[in-house]
Every structure is written in structure tokens, then in C-alpha cells.
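J.: Dock chains B and C against chain A, hints included.
Residue numbers (this note's numbering), protein chains in the order written: chain A, 45 to 404; chain B, 875 to 1238; chain C, 11 to 316.
Fair warning: there could be bad hints in the mix.
[To be verified] Dumping the calculated EDC-like pairs for lysine to aspartate or glutamate here, alpha-carbon to alpha-carbon at most 20 Å:
#1 K117(A) - D1022(B)
#2 K132(C) - D896(B)
#3 K117(A) - D138(C)
#4 K911(B) - D1022(B)
#5 K969(B) - D228(C)
#6 K132(C) - E893(B)
#7 K990(B) - E61(C)
#8 K225(C) - D962(B)
#9 K990(B) - D214(C)
#10 K965(B) - D138(C)
#11 K990(B) - D960(B)
Just so you know, the hints here were simulated from the structure itself, not pulled from any lab data.
Keep in mind that this is a model prediction, so the values were computed, not measured.
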Amino acid sequence: MRNRRTLPPESEEPALTPLGTTPTPPVRTRTGDIIHTAPEFAIGEADVRSAELHQTTLKGTSLWRDAWRRLLKNRLAVFGLIVVCLILVASLAGPYVISHTTGYSYDFIPKDSKLVKSFAPFIAPDGSFSWTHPMGTDNAGRDILARVLIGGRISLMVGIISTFVSLLIGISYGATSGYLGGRADNLMMRIVDVLYSLPYMMIIIVLLAMFGGRSPLGQLVLLFIALGAVSWLTMARIVRGQVMSLKNQEFVLAARATGVSTSRIIFRHLVPNTLGPVIVYATLTIPSVMLQEAFLSFLGLGVQAPLASWGSLAADGIQNIAIFPWQLIFPGVTMALTLFSLNFLGDGLRDALDPQMRKV
Amino acid sequence: MSSNGHTLLSVKDLRTYFETEDGTVKAVDGISFDLQKGETLGIVGESGSGKSVTNLSIIRLVPRPPGRIVSGEVLFHGQDIMALADDDVRKIRGKRISMIFQDPMTSLNPFMRISKQLMEITQLHLGHTKSQAYEHAIHMLELVGIPDARTRVDSYPHEFSGGMRQRVMIAMALSCQPELLIADEPTTALDVTIQAQILELIKRLKEQTGASVILITHDLGVVAGMTDHIIVMYAGKVFEQAPTHELFDCPGNPYTKGLLRSVPDPAHEAGTPLYQIPGLPPDVAHLPAGCPFAPRCERAEEICTREYPPFVQLAREHFSLCHFAEEVYAQSCRERDAAQNEVSETVEPIDHQATNGQTRTKNA
Amino acid sequence: MLRFIMRRILVTIPMVLIVVTLTWGLIRLAPGNFYSGEKKLPPAVEKNLREKYGLNQPWYVQYYRLMRNVVQLDFGTSLKYEGQSVNSILVRTVPVSAILGLLAYLLALTVGLIAGVLAALKQNSKIDYASMALAMLGISLPSFVLGPLLVLIFSLTLYWLPPARWNGFPSWNLLLPVLTLSAIYMAYIARLTRSGMLEVLRSDYIRTARAKGLKELDVILRHALRGGLLPVVSFTGPALALLVTGTVVVERIFALPGLGNYFINANLNRDEPLIIGIVAFTSIVILLFNLLVDIAYAYIDPRIRY
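Here chain A stands alone, though its shape is the one from the complex:
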């Protein structure tokens, strides 16, 4: 399944060498340390291999450079990358810039009570055109653009940190399970199977409803842990699969023969080699965690006022959808655009890093 190449269809057969000896694939090097590529990865790429041999000098970083080149060829992925970068920069610097140009910070409520009403985009309190609120204001008169940007900060932070938590758990668990194999592996994977089939979102809702609401910061930490703790399952499976296929390679046997400790083999030799799929999956985990965070915030269980996330902004906006649609549309569309870009980027990375999994 993984060895299949698209073209030309002939390449699966062994090279014409007597007694079925296949030539050993070249070892690709990455700046500094040696990366031992899985043979399925290397053999599948006969073109690259022979191209390298023709150049006679084996160039380092070819795997990563090739992947980068392929990524840049994928227009949607590049679009995703640019949008993600823009939104990152905007949500980091934006609130600061806005409060210094218009004087509106995300939680600034104009004092004049008569003015407290939701304004449409580009409309000043007196009804004339104005640049002050490009996305309008909310019911309390707060600038929606500033709130969307600050919400983006929180949403992205939840996405990234929770993904990081899930990476830590998933990689350790998956690599250990895959490396140990046998009954330990069996047991560990059964546990993952069991956890998969639980209504974990309900448990998170209970957790947040019972323990949340004390302080905005505490709520955030609770979110990181809760979302990270449920997203690691797939990561564990991916890493385990990779480690399983790698652990019988010569370089692992060599390390074991020279007395390297188990944990060192796992984390220094095996885990770095699973990097490709892990990066891909992490990129795809961020949007899914962000979506879950948004769901929870939408239900009033996630990020608490005065902080805002895209989910909580949408929840506020939905109350007034009939009269002030911009209150929902701007946070919602910004979030959708971000998730869209992240998903495209993740898809593009997968295609670039693993030509076998490519959808072409």
C-alpha cells in the first residue's frame, strides 16, 4: 500500500540484479545529524534515488528540501501558509496597533452611554463613514476588529498549546508502545481503542462546567489540558506505526548492540525519524483543536469574559444575528478562513512530505 508509486507503474519490481539483491538505499542527511530514512520511503522514490546517484555527490537535506519544493508548488498550501502567517502577525501585533491608532482596545467601552449601541462596519456614531471600526462594534460599543484579533490570539494559542500537549503525550505513548511491541503494545493500543470510543467531549463539558468559571486564566489552562488530553490518540497511533516499521532497521539494531538505553533509542533514534508524519498530523490537529475550543466557548464553557475567542465572539454575535449580523460574521469568517488555511497547509505538507500518501 505504501510502496505503491504512481509512475511509471513498473517501478515496483526489484532491480535487475542477480539473486534478488536490492541495492541499499542511500542515507539522507539532514544538517548536522544523520537521518535514517525508512526504506519504504527511499525505495518508493526511485527517481530521486537515481537522480541523486547521477549527481554522484549525495546532497544533504534532500528529503526536506524536496518536500519544501513540492510544498511551494502547491498553490493552495502556499495560500494557506501566507494566510496563517498574516493572521498570526495580525493577532499578535494588531490589538496593539489598533489601540494606538484609534484608541480602542478590545475591552474598551465608550463612556457615553448614549453611544452604547452596535455600529455597522465603517459607520461612525453620527452615521457617517469612518475608518474607526472596520468591522463595526458590539452591543457595548467595543471595536469588533480589536476583539476578533485578540480572540484570534486566544484561539491560536489554545490550538497550538493543546496540540503541543497532545504531541508530548502522543509521541511518548506511541513510541513506547511501538518500540516495546508484544503484549505491552497490545495493551497500550487497546487502551487507545477504548478511549477512542468514549464520548470524551461530554466528559470535557462536565469537567469545564464543574471546575471552570473561577478565573479566565485557570479556564484557559483547563482548556489546554482537556483538549490536549483528548487529541493525542491519533498521534499515538501514527507514531506507533512509524516506530514499528523503523525499529527493526539496522541503525536501531546497531544502537542496541552498542548498549544504548531503551529510552535513548526511542527518543534519539526513533522519534526524529517519525518527524514527517508527526508534523503533518500536528498541522491538522491545530485546526481541529481550535474548532473544539470554539465549540466549548460557544457553549459558554470555554474562554471567559473579558477574554474572547472566536467561539465566544460568535456566541455573543448569534444573539443579535437578525439585527447586527456583522457581530457574528466577522469573527466567524475570520475563524473559518484560518481553519481553511491551516487545513490546506496540512494537506499540502502531507503531500509534500510523503509522496506515497499523495492524492495525485
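T.: Frame of chain A; chains B and C shown alone:
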């Protein structure tokens, strides 16, 4: 090759290209050959030499994007398959030209009972009713030597061993008594003992049905005992084309010589390393300007990297793509004569010595 | 096979108990309780109520009672909706969520499969790009954005459809919630179908089928579809877990009296019996559906035997 009115298949200047990120891969680049009725043709080459693509092109099974048959004629009974409507090609596929593929483990549909997969083809082409097709399926399985065919016909492919599955593939391919059987590396994925059985089976069934056979392989030992003619392919091109015994006796191309030298020989002294052609098959997307084999060739000279070699006729049915074809040919003939005089070692595998006698009378 | 099913059903019971224990533990470990909520009760009344619900007993007695009742599928009476048993609330709310979820999943299956198969067959065509872009949009557009947008367009601007509220089944009121809920599954199923079909269409046995001279339609319907749909079948398990979250949000948006809406309210009210009842019920449903998926998988793929 001669065309004496019994030509079943005639391929003329076939070119099949693949569009890839790295550029156009000329998987098959100007292949021509004729196949007579009842004859067996061997196509030999390394991975990526284009031999499988050649044969997929014959029945237009090359995956369309990215593959593309750029030019060429495939005359089957004088009718150009390339010019036929899709529906008409389908009437030929499986009925008049059928194929056996390399990997029996993946070539059968894992979700479908063997019976159904066999019945499908005769119901389609021979208009069998369900019960006719069922009986025919059992008959075919018996023919290819599957024990207990009647009870096993309703099994799923995964309940069969590799060799058995390849027998099923053969039964399927021969269900409609095709005029041409294309066997694409039918034994590569099998154990050595099973390989011989499968080859013997193909040989026997070919004799029974009178079908022509194209046998694709990377193993010269396989083609030697089975074929009348051999085509040696490299980088999408025909490198050498000759009657089997002639090719084994007097190869006219350094590449063929290399291939022959790398076939394990029973008389080979234990301990000495087996000959291996240096280097790897070329990157077909970026072929060098001159001879594609030049970087690996022992005989290569400066001209080889600069100029594309000519296709030289060495004997009546013997052609070679090489700047030094005549020289290589003459040298291998001399070597053969010398070896013959000493009667010590032969280059060929042991089971083909019988055919040698015929060629010895013929010389260039 | 039968033994496998029996074993799986038996395994379901301890798993439901684990989930219930987890939920119960979370509720009990959290500070405060139902009575510390909005309405302050006179101490005497609270004491009576506590005795009535057995809350004055030591925790292990309470835990044991809970487990015993859960095994008997008796979840007690709701604290918030006085006099209503949790089971009667379930009977009332489950059909709402089930209709919503089933309709959404059926719609998603129909549209997703067709779009996915078409995209795979016409790879790199306009159909392919369009359906995959739409699918990506479906995955990226949260339901709480999509739902209100649909309401804004179809109810508040065009006046074609009623915006919200439950109106029984069948009713046009269901259309927007079902659309909203199914969008993400449609998207996932279309993507899974496409990649599954592409994988299969490239496989050797499809080449064999073509070499037999079968018509392309037969190749696809008889040979490719089965293998191509396996990823979709195995997606059904995770989809159910997703569906739970999805219905909660959609019921919230459209103010539907379903399980999800009650679950959120129960959490906000700390209505312990109702929370536990809903969690236990959902777990049972999810586990049983997972079992069904496994059976379906074995039926489709003869290589798998339990």
C-alpha cells in the same frame, strides 16, 4: 522479424509517455515488434525499462493521466487497436488478449469470491448463463491444477496461497481462450519452486490452446526455456532483438552481455562474486544525450555519451542498438566458438543447452 | 462472530460504568453542588432533600447505589425538573436528537459519497476541485457560523424557511439544523471516499478488472466501490463521537429540545442525575454503534474475521 501472413500482433513505433513533476518520462519510446501466431516473445529488462508499460499500452490500459500513448500502431490481426473505440477495445480485452499480472496477492479482488471473479469474464464475453459460467469456472480451476476445485471455487482470494492465486489468475486469463496471453512477470512474486510450476503451466496451456504469449520478465533464465524471440529493453527502448538462441549465443549489445553474465551459472565457482552491471537503471525523466546505457557500459567511448546509437541489423532477425554492435556481436560469436571447442563452460543456464545446437550452424 | 458480538456487548457494561464513574467523580470533586446554585434553600428543607436523594450517606454507599442503578438503567429523578425521572426526559429528548443526527448523517452519506466518487473518477477535473474545495470549506466552517448564516439567508432575508424551534417530524423546521449538522460529515465523507476510491482505483485488482474487458461502470460498481468505501465505514465510529458534539451545538443554535440542549443545561444547573443519565445513555449508544460498524466492516471485507 519476418512477417509471413501469420502475424498476430504488430507493434509499430509505440511511444508511451508519463507526465510527472520531474518532466516527461518516456517510459516507452519507439518500440516495434511483430508476434507470429503461436509464438512466444520474451521481453526482458530492468525495473523502469518500460516493458510492462509496453504491454499495458497494447491493450490501452495505461492509466490515462499521467500516462499517454503518444504515437504508434498496435495491429492485432491487422486492425489498429489504438484507433478502436473504447467499447471495441473492451471486447478484445480479456477475450482475445488477456493478461496475467506480476503480483497475484494484489491482482485478485480481495472482496469477491473466486467463483464470481471467474464467472464475470465468461458471462461478459461468452454470454454464459450463471450456471454455465459457474461450471466453466470450476473447469478452468481444474485445468490450472487447483485441487478440489468444486469446493474451493467459492473461496475468497486470501484463502489461497500465492502460487494458487497465480493459478487462478491464469485460469481467469485463459477462460475465453484468448489468442494472445500477456504474462507480466508471472513468477516474480512467487517462491522458486512455485515459479517453475507456473512457467510449466503456462507452457502447457499455451501448447494446448495454441495461443501466442508475450512473457515479460527481468529474469533471463525464465525466458530462455520458453520463448522464440527476445526483446531486450532499456530506458524505454529496444536495445536488442533476436531469436532466443541467437541472443543467448551471440549477444550484439554490451547491455545484453552484461545481463547474460549476471545470470547465475550452475558451473560458476563458489566464492567468486557474481557479475553485476555497475550502477542503477537510469532516471528516465532525465536521460543523457547519447546512449542511455553509456554511463554503465564497459565498452563505452566518447561517442556514446555524445551521439544516440544506431539500430544495427546483425543478422536476419537480429538487431542491436549500439555504436559498436557489429564489434560486440563478432566478439561474442568468437567467444562462443572458442567455448564450444573447449566444451567446458557455457554462459547459459543449464536447461537451454538443447536449443544451442540449432544456432551453431548459423553465423553472421 | 456471535461470540464476538456477545463479548463486545459484555465489555460495553464495564466501559459505561467507567465513563459514569469518571463523570460522577468530576461532579463530586468539584466544589459546590446543585443546592449552592441560584435559589438558597432553608437548611431544613435542604437537609430533607439530601436525605431523600441519599446525599447524606458516605460516598461509597452513594457510589454503590449509583452503579447499581446504572446497571438497571434507572437514573433517578432530575433535580432541576422536579418530579420528572431522567428516563422520562430521555424518552422525550432522544427522538429529537436521533432524528436530527440520523437525517444529518444520511444526507452527509448521500451527498458525500456521490461527491467523493465523482471527484475520484474525474481526478483533477473541475468537479474534483470544486467538491474538494467545498469539502474543505465544510471542514473549516464551524456549525455555529454556518447555522446562523443559513438562518440569516434563508429565514431572515429570503423568508423561505422557519428559523428555529422544534415542530415535530417531518417538518421544514428541520431542514436548516440538519443541513448545518451534516455539513462537516458531508465534507469528511467526500474526502474519505475520494482518497479511498483513488487508492483502490490505482490497485492491481482494478487493473485486472479492466483487463477483463469490463465496462468502466462495472469496474467501479462491482470492483472498486467496496474497497473504496471501507474508510467511510471506519469513519462512522469517530463520526458518532463528533455527532454528539455537533448535535449539542446545533440544538443550541436552533433551540431544539434535544439531548444536547438538556445536557448543557444539566451541567449549568449541576443536575447530577440528569448529567449521569445522559452520559451513560450516550456511551451505550456510541459503544453499540461501534459494534455495528465492526460487524459491517467484517461483512464488507471478507479478510476480517472475529
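J.: Confirm or reject each hint.
T.: Evaluation of the provided hints:
| no. | hint | in the structure |
| --- | --- | --- |
| 1 | K117(A) - D1022(B) | violated (56 Å) |
| 2 | K132(C) - D896(B) | violated (23 Å) |
| 3 | K117(A) - D138(C) | holds (19 Å) |
| 4 | K911(B) - D1022(B) | violated (34 Å) |
| 5 | K969(B) - D228(C) | holds (17 Å) |
| 6 | K132(C) - E893(B) | holds (17 Å) |
| 7 | K990(B) - E61(C) | violated (69 Å) |
| 8 | K225(C) - D962(B) | holds (11 Å) |
| 9 | K990(B) - D214(C) | holds (17 Å) |
| 10 | K965(B) - D138(C) | violated (30 Å) |
| 11 | K990(B) - D960(B) | violated (24 Å) |
In summary, the structure is inconsistent with hints 1, 2, 4, 7, 10, 11 from the numbered list given earlier, while agreeing with the others.
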